[in-house]
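First to last, the sequence lines map onto chains A and D.
Heads up: take any position in the first sequence, counting from 1, add 77, and you land on the working numbering.
Heads up: take any position in the second sequence, counting from 1, add 244, and you land on the working numbering.
One or more hints might be untrue.
Straight-line Cα separation of at most 16 Å, EDC-like style, residue types lysine to aspartate or glutamate; simulated pairs [claimed, not checked]:
(1) Lys398/D to Glu437/A
(2) Lys398/D to Glu128/A
(3) Lys327/A to Glu128/A
(4) Lys252/A to Asp761/D
(5) Lys405/A to Asp761/D
(6) Lys398/D to Asp761/D
(7) Lys398/D to Glu462/A
(8) Lys405/A to Glu331/D
Using C-beta positions, here's what the derived DEER-type ranges look like [as the list claims (entries may be wrong)]:
(9) Gly144/A to Ala711/D: 19 to 25 Å
(10) Arg277/D to Arg411/A: 53 to 59 Å
(11) Gly231/A to Gly468/D: 48 to 54 Å
(12) Asp458/A to Asp343/D: 24 to 30 Å
(13) Gly231/A to Asp718/D: 28 to 34 Å
If you're looking for bench data, these hints aren't it; they were derived computationally from the structure.
C-beta: ideal position from N, C-alpha, C; glycine also.
Okay, here's what each chain looks like letter by letter:
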Amino acid sequence: MISLPGPCRVASTARGLAALCGLAVVALGTPAQADDDAPPSLLPRKALVQELDNGLQVVILPVDTPGLVSVQTWMRVGSGEEAVAGLTGFAHFFEHLMFHGTERFPREVREQELLRLSVDENAWTSQDATVYHLTAPAKNLSRLLEIEADRFDGLTLEDAGVRKEAGAVYGEFRKGQARPGRALWTGIWATAFDVHPYHHTTLGIEADIAAMPDQLEAARTFFRTWYRPDNATLVVAGDVKIAEALPEIKRTFGAWSAKEAPAWPDIPVEPAQDGLRRTQIVWEQGEVNPQLAIGWRTPAHVPGDADAAALALVPALLTSDIAPLQRKLVDDERRARWMWCGGPDQRHPGLLLLMTELTEGQDVRAVEDEVLAAVKALAEDDSPEARARLEMTRDRLRRETLLALDSPAAWGSAVGHATLYGQGIGALDDDVNALAAVSYEDVQRVVKRYLLPDAGRSVVSLVPPDLADDSLPAPPTGPEQTPPAGGE
Amino acid sequence: MKSSVKAISLSGLLVLGACYAARPGPVPVEEARAPVRIVGQAVQGPVTWVTVAVRAGSAHDPVGQEGLSALTARMLREGGAGDRTPEAVDELLYRLGTDIEVVVGKELVTFRTAVLTEDLPVITSLLSDMFLSPGLDDSALGRLREEAQDTLDKGILQDDEATGMEVLDDLLYAGHPYGHPVAGRGGVVSTFTADDVRRFLETRYLRSTVVLGVAGAAVDAETGGWRPDVESSADLASLHAALSGLPDTIYDAPTPKRVPAVDGRSLLVVDKPTQVTGIHFGHPTELHRGHPDWPAMLLAFTALGEHRQSHGRLYGELRGERGLNYGDYAYIERYEQAGWSSIQQTGTGRVQNPFYVWLRPLSNEAAPFALRGATRLVEDFVENGLETDEFELKRTYLSGRVSLWADDPGRRLGWAVEAEAMGWPDPISTLPAAVEALTLEQVNTAIQAHIHPESMRYVVVTGEAEAFVELVADDVTTPLVYAGSPPPDAGTEQAEEDALWAATPLGWSDIRVIQSDDLFR
Chain A
78 MISLPGPCRV ASTARGLAAL CGLAVVALGT PAQADDDAPP SLLPRKALVQ
128 ELDNGLQVVI LPVDTPGLVS VQTWMRVGSG EEAVAGLTGF AHFFEHLMFH
178 GTERFPREVR EQELLRLSVD ENAWTSQDAT VYHLTAPAKN LSRLLEIEAD
228 RFDGLTLEDA GVRKEAGAVY GEFRKGQARP GRALWTGIWA TAFDVHPYHH
278 TTLGIEADIA AMPDQLEAAR TFFRTWYRPD NATLVVAGDV KIAEALPEIK
328 RTFGAWSAKE APAWPDIPVE PAQDGLRRTQ IVWEQGEVNP QLAIGWRTPA
378 HVPGDADAAA LALVPALLTS DIAPLQRKLV DDERRARWMW CGGPDQRHPG
428 LLLLMTELTE GQDVRAVEDE VLAAVKALAE DDSPEARARL EMTRDRLRRE
478 TLLALDSPAA WGSAVGHATL YGQGIGALDD DVNALAAVSY EDVQRVVKRY
528 LLPDAGRSVV SLVPPDLADD SLPAPPTGPE QTPPAGGE
Chain D
245 MKSSVKAISL SGLLVLGACY AARPGPVPVE EARAPVRIVG QAVQGPVTWV
295 TVAVRAGSAH DPVGQEGLSA LTARMLREGG AGDRTPEAVD ELLYRLGTDI
345 EVVVGKELVT FRTAVLTEDL PVITSLLSDM FLSPGLDDSA LGRLREEAQD
395 TLDKGILQDD EATGMEVLDD LLYAGHPYGH PVAGRGGVVS TFTADDVRRF
445 LETRYLRSTV VLGVAGAAVD AETGGWRPDV ESSADLASLH AALSGLPDTI
495 YDAPTPKRVP AVDGRSLLVV DKPTQVTGIH FGHPTELHRG HPDWPAMLLA
545 FTALGEHRQS HGRLYGELRG ERGLNYGDYA YIERYEQAGW SSIQQTGTGR
595 VQNPFYVWLR PLSNEAAPFA LRGATRLVED FVENGLETDE FELKRTYLSG
645 RVSLWADDPG RRLGWAVEAE AMGWPDPIST LPAAVEALTL EQVNTAIQAH
695 IHPESMRYVV VTGEAEAFVE LVADDVTTPL VYAGSPPPDA GTEQAEEDAL
745 WAATPLGWSD IRVIQSDDLF R
């Protein structure tokens with residue numbers, strides 16, 4: 078499964094959170110010990126954060142969800158690491174291969190065991206992560222850990238399995254081929270990036286998907302390179318007792334051996350963009366409304382960073398229900414059907430991205446101008462109304478965070494996601510605290526720095542043939558990447 | 245679409261059985277005048293979940309006004325409330341960090357929200373005004389009409405798989421209140437006026453058709469009513485009182501329609517600009533969540549092809565063994581997935597359901613083989629039923645799995661509210677025991693009683709319609725050409741199965757091709 082990022086980052090003001098949740102203030106890494114001088118935490122009182130001897134980061138979150146437990150393994154590898162020519166889409170392909178069983182639990186045995194435990198399991202891959210998530214009745218946790226841990230250490234990788242799975246991945250690619258939204262998403266990343274793997278989407282380019290049946294050796298290399306315990310976080314959240322779960326985790330996931338990591342080409346750094354980029358997709362697969370994607374180059378997300386926090390508020394200020402741009406184009410003038418803005422929370426320098434579907438016959442350039450005017454207003458408007466919208470947005474995010482943490486899986490996801498940035502679990506609170514401190518001037522500063530200049534902007538339109546502008550090129554297709562090392 | 249459906253229904257269909265309806269006919273007077281029903285669930289913590297379900301889904305659209313149910317529901321959320329403009333409602337919900345989600349099914353319309361309990365006074369006041377004093381803003385009405393028209397003209401068609409599912413459902417329920425998308429019909433939705441919406445509200449949003457659901461600390465765990473010692477109880481009581489102020493008129497539910505049955509196998513090929521081929525097939529059944537055979541059939545279809553799970557027979561054979569596509573599933577009710585989760589969206593249950601199989605997009609080359617293979621698998625499923633080991637494993641799995649359908653309090657509430665509104669048992673509290681009590685014989689008997697592979701409708705969405713029709717003719721063999729992997733060795737079970745599937749005759753009684761541009765109008 079492929080995951081696209083959500084509409085905007087979830088965040089909140091931490092002190093309010095702690096008060097509302099009835100949460101204790103804890104010092105991270107020292108579970109259940111209150112420290113009055115420590116910053117407030119989103120984590121429940123009894124959360125445990127511990128690094129095992131093999132380097133695996135473990136988080137246990139007892140939360141009030143009677144009878145259920147979520148087990149999530151967050152691997153810090155996504156399509157943003159795919160810097161080897163011919164291997165685009167490989168993080169996602171490998172996610173599929175992870176269901177092929179082990180010597181101890183061959184595929185069918187594993188499947189049957191999990192059925193007996195009434196487990197709901199799946200996985201997803203994004204630009205920045207590959208995540209394996211299972212939810213089950215809490216009484217089955219011990220056996221579930223035993224089965225789950227085994228595949229991270231002893232996955233069976235065989236030619237026949239790789240070949241069959243490649244067909245399934247091709248099927249996943251096919252099911253989205255008729256969707257204009259996917260074409261637009263693919264187009265904006267390909268337009269904005271030349272050398273960094275963000276150039277291609279998580280599914281990969283079709284030629285590489287077609288070649289996946291022959292990639293057994295590449296799969297073995299990928300496994301050794303990225304599926305190491307020190308590149309992962311295990312989160313166990315729900316109806317769980319730390320004293321019972323921790324020994325089980327040590328017994329199972331603690332046996333995940335650290336592998337010698339083969340060389341992987343350095344991930345190419347995308348040079349600074351040198352000017353506005355504009356491409357066009359002419360849609361010939363049936364009727365379509367014009368669509369538009371605008372991407373602004375932004376730095377890698379650093380939890381707690383002031384710029385990162387201010388940028389995280391921009392999507393809501395541009396396209397939420399209270400944003401002037403949304404009200405004008407969607408509600409009042411009906412020139413756009415919907416607008417969405419998301420990011421930028423990528424691990425590598427990425428994009429703040431706005432996408433919109435226009436109503437029939439609307440001019441994409443005119444709507445683009447409206448978006449740019451709204452960005453300019455964000456940078457320059459000093460009115461009380463504009464400041465009030467920021468306050469409202471911060472207040473919204475505080476409540477939204479609490480409302481979202483309503484299940485074991487939701488808790489697991491929030492914590493797992495926070496660990497992606499290499500700063501451990503503390504990133505969760507760092508982001509929360511930084512968001513609480515964002516001022517209106519901070520927002521204006523980052524908009525001026527990252528969104529106003531033409532040089533960092535890319536624009537892709539998707540139009541029916543009768544609205545096509547013949548002077549515009551299509552988005553580039555093939556990525557320029559490092560040749561494979563070691564003849565993979 | 246309409247003319248094509250008519251042509252097919254003339255081509256040899258029978259009518260079978262009376263339709264099931266949880267509450268057929270007029271509501272008794274005493275029920276019409278009783279206060280709105282409450283479903284309460286005690287949940288500790290800072291959040292309260294509120295759900296309002298109304299028996300006013302798209303099956304309750306007036307004839308000739310298909311789509312009015314969905315438009316009305318969205319107008320309540322987006323058209324203003326009381327003295328609040330639409331913008332004021334947006335801003336209020338924005339401040340609360342929440343929204344009011346509107347889910348329109350064939351039977352129910354559901355409004356859901358979750359708020360910090362401290363915000364209950366605000367949300368209950370808004371909800372009261374929404375239902376009792378809706379704004380029905382003109383501008384919002386115009387926008388929502390355009391959106392509905394866009395969904396029908398372009399939205400559904402931009403997803404091959406949604407197109408196939410919608411066409412199959414429309415085909416199986418042609419002439420029936422379920423026989424149109426909830427969004428309505430092209431050419432009709434653009435005519436709706438504020439008066440139409442008002443009339444729909446007056447005749448469908450009644451005391452007797454509404455259920456109020458609440459999960460939170462204000463709910464008494466024993467009685468399901470409000471706790472007098474909790475402050476927010478007053479807000480909930482006032483919302484309940486407001487909803488009980490809805491008209492007590494007696495709602496004459498639509499006369500139960502007979503479901504058109506299927507006789508023989510018919511094929512409808514949707515010719516659409518696309519590079520792949522997607523397949524749906526099935527037939528109507530008498531099943532619904534209150535049917536005595538529901539637990540048995542749920543278990544049976546968990547074995548044949550549970551939604552988005554890898555352990556079903558269809559998935560195992562078509563994707564697992566042959567790598568033909570992304571997934572292959574089978575259903576005993578129209579399945580609406582809730583967002584990214586693989587769980588069924590609550591509030592979308594129906595009193596009549598199709599059995600159907602969904603094969604996710606295939607290469608054009610592999611599609612005829614997959615269609616024959618899936619048909620064989622269904623035939624075998626009916627002829628031989630489940631095996632003992634398979635039955636026992638799926639029974640253990642399903643009885644535990646049901647609890648995962650309600651992994652957060654909002655979803656848990658959704659199941660309970662839907663059950664109350666539809667007169668069904670609450671699946672979360674009743675299904676595990678019902679499943680555990682099943683025997684293999686019950687399951688296999690139920691399969692044979694409800695599934696009839698000799699009489700199914702197939703909908704195929706493809707960019708190569710003519711070629712597909714030629715390839716699935718009975719005198720044509722369509723062997724699988726293995727693309728990425730070597731074919732199985734001769735003499736193996738899979739090789740024999742491949743040969744059998746490739747030559748499986750389908751025995752069409754009718755084959756039609758329609759252009760995708762003609763759909764949903």
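Hint by hint, here is what the structure shows:
1. For the suggested pair Lys398/D and Glu437/A, the alpha carbons sit about 10 Å apart, so the restraint of at most 16 Å is met.
2. Taken as a hint, the Lys398/D and Glu128/A pair is broken in the structure, with Cα atoms around 51 Å apart against an allowance of 16 Å.
3. Using a Cα cut-off of 16 Å, the hinted pair Lys327/A and Glu128/A holds, with the two alpha carbons roughly 10 Å apart.
4. About 20 Å separates the Cα atoms of Lys252/A and Asp761/D, which puts this hinted pair outside 16 Å; it is violated.
5. At roughly 32 Å between alpha-carbon atoms, Lys405/A and Asp761/D are farther apart than 16 Å, so this suggested pair is violated.
6. Taking the CA atoms of Lys398/D and Asp761/D, the gap is near 9 Å; set against the 16 Å cutoff, the hint holds.
7. Simply put, Lys398/D and Glu462/A have alpha-carbon atoms about 37 Å apart, too far for the 16 Å limit, and the pair is violated.
8. The straight-line distance between the Cα atoms of Lys405/A and Glu331/D is roughly 11 Å, inside the 16 Å bound, and the hint therefore holds.
9. Checked against the hint of 19 to 25 Å, the pair Gly144/A and Ala711/D fails, with Cβ atoms roughly 52 Å apart.
10. At about 43 Å, the CB distance of Arg277/D to Arg411/A disagrees with the hint of 53 to 59 Å.
11. The hinted range of 48 to 54 Å is satisfied by Gly231/A and Gly468/D, whose Cβ atoms lie roughly 50 Å apart.
12. A hinted range of 24 to 30 Å for the beta carbons of Asp458/A and Asp343/D is consistent with their spacing of about 26 Å.
13. Taking the beta carbon of each, Gly231/A and Asp718/D are about 49 Å apart, not inside 28 to 34 Å as hinted.
Comparing the model with each numbered hint stated earlier shows that hints 2, 4, 5, 7, 9, 10, 13 do not hold.
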